[in-house]
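*Asks:* Sequence:
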Amino acid sequence: MKIEVLKSKIHKAVVTQADLNYEGSLGIDQDIMDKVGLLPYEKILVSNLNNGQRLETYAIPAERGSRCFLLNGSAARLGAVGDRIIIMNFAYYDIEEIKKGHKPTVAVLNEMNEIELLK
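Its first residue numbered 1, the sequence shown is counted upward by one per residue in UniProt numbering.
Think of the hints as simulated: they come from the structure by calculation, not from any bench.
Glycine is no exception: its CB is placed at the ideal position from the N, C-alpha and C atoms.
Just so you know, not all the hints are guaranteed correct.
Computed cross-link-like contacts, BS3-like style, restricted to lysine-lysine with a CA-CA straight-line distance of at most 27 Å [stated by the list, open to error]: (1) Lys100 / Lys35; (2) Lys35 / Lys2; (3) Lys43 / Lys100; (4) Lys2 / Lys119; (5) Lys7 / Lys100; (6) Lys119 / Lys99; (7) Lys103 / Lys43; (8) Lys12 / Lys119; (9) Lys99 / Lys35; (10) Lys99 / Lys2; (11) Lys119 / Lys43; (12) Lys100 / Lys2; (13) Lys119 / Lys35; (14) Lys7 / Lys35; (15) Lys12 / Lys43; (16) Lys119 / Lys100; (17) Lys103 / Lys12; (18) Lys119 / Lys7; (19) Lys103 / Lys2; (20) Lys103 / Lys7.
For each label pair, taking beta carbons as the anchor points, the in silico distance ranges come out as [unchecked claim]: (21) Asp19 / Ile95: 38 to 46 Å; (22) Asn21 / Lys99: 45 to 53 Å; (23) Glu116 / Tyr58: 21 to 29 Å; (24) Glu97 / Asn21: 39 to 47 Å; (25) Asn51 / Ile95: 32 to 40 Å; (26) Asn21 / Glu116: 12 to 20 Å; (27) Lys99 / Gly65: 37 to 45 Å; (28) Asp94 / Gln53: 29 to 37 Å; (29) Ser74 / Lys99: 17 to 25 Å; (30) Leu117 / Ser47: 16 to 24 Å; (31) Asp19 / Lys100: 38 to 46 Å; (32) Asp31 / Val81: 15 to 23 Å; (33) Gly52 / Ile95: 17 to 25 Å; (34) Asp31 / Asn51: 24 to 32 Å.
Taking the hints into account, I'd like the entire structure generated from these sequences.
*Replies:* Structure representation (structure tokens):
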């Protein structure tokens, strides 16, 4: 049997741009995506710490080293520049993999969207 479990998380990212006219998705600095193992166009769940909104979308790579987090399309209605967000993605694992000690990759960011802790 497989169960859906947290694969990776980016904690407390700061939204740097919101563009209602873009087709959709969340732009994320490609370097940060790489650090947590998040792939381009992978499904994500985003939780806004400022207003409690949650949304499902997909990750698109933003410029490497930019430290940008871009709410695009309808997602731009659920947050604003300066909001802190949590980005989570999940994967299906065999229960035996979980029992052997699966741990998600977590990046905790500071207010400049720099990784303070990677575990």
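*Asks:* Between Asn51 and Ile95, is the Cβ distance one that fits in 32 to 40 Å?
*Replies:* holds, 36 Å
*Asks:* Could one say that the CB atoms of Gly52 and Ile95 fall in the range 17 to 25 Å?
*Replies:* For Ile95 against Gly52, whose Cβ atoms are near 32 Å apart, the range 17 to 25 Å is violated.
*Asks:* Falls inside 37 to 45 Å, the C-beta gap from Lys99 to Gly65?
*Replies:* The hint (37 to 45 Å, Cβ to Cβ) holds, given that Lys99 and Gly65 are roughly 38 Å apart.
*Asks:* Could you say whether the range 12 to 20 Å given as a hint is met by the Cβ separation of Asn21 and Glu116?
*Replies:* Given a distance of about 33 Å, which is not inside 12 to 20 Å, the answer is violated.
*Asks:* So if I understand the rule, the pair passes when the alpha-carbon distance is 27 Å or less; does Lys43 with Lys100 pass?
*Replies:* Measuring from Cα to Cα gives roughly 25 Å; hence the hint holds.
*Asks:* Between the alpha carbons of Lys100 and Lys2, is the straight-line distance 27 Å or under?
*Replies:* holds, 14 Å
*Asks:* Hey, Lys100 versus Lys35, does the alpha-carbon distance stay inside 27 Å?
*Replies:* holds, 23 Å
*Asks:* Given the hint of 38 to 46 Å, is the C-beta distance from Asp19 to Ile95 inside that range or not?
*Replies:* Check passed, 41 Å falls within 38 to 46 Å.
*Asks:* Given the range 45 to 53 Å, decide if the beta-carbon distance of Asn21 to Lys99 lies inside it.
*Replies:* holds, 47 Å
*Asks:* Range first: 38 to 46 Å. Now tell me if the beta carbons of Asp19 and Lys100 are that far apart.
*Replies:* For Asp19 and Lys100 the Cβ distance comes to about 42 Å; the hint holds.
*Asks:* What's the verdict on Lys119 and Lys35, does the C-alpha distance respect the 27 Å limit or exceed it?
*Replies:* holds, 10 Å
*Asks:* Check the hint pairing Lys2 with Lys119 against an upper bound of 27 Å on the C-alpha distance.
*Replies:* OK: Lys2 and Lys119 at ~24 Å, within 27 Å.
Taken one by one, the earlier hints fail for this structure at numbers 26, 29 and 33, listed in ascending order.
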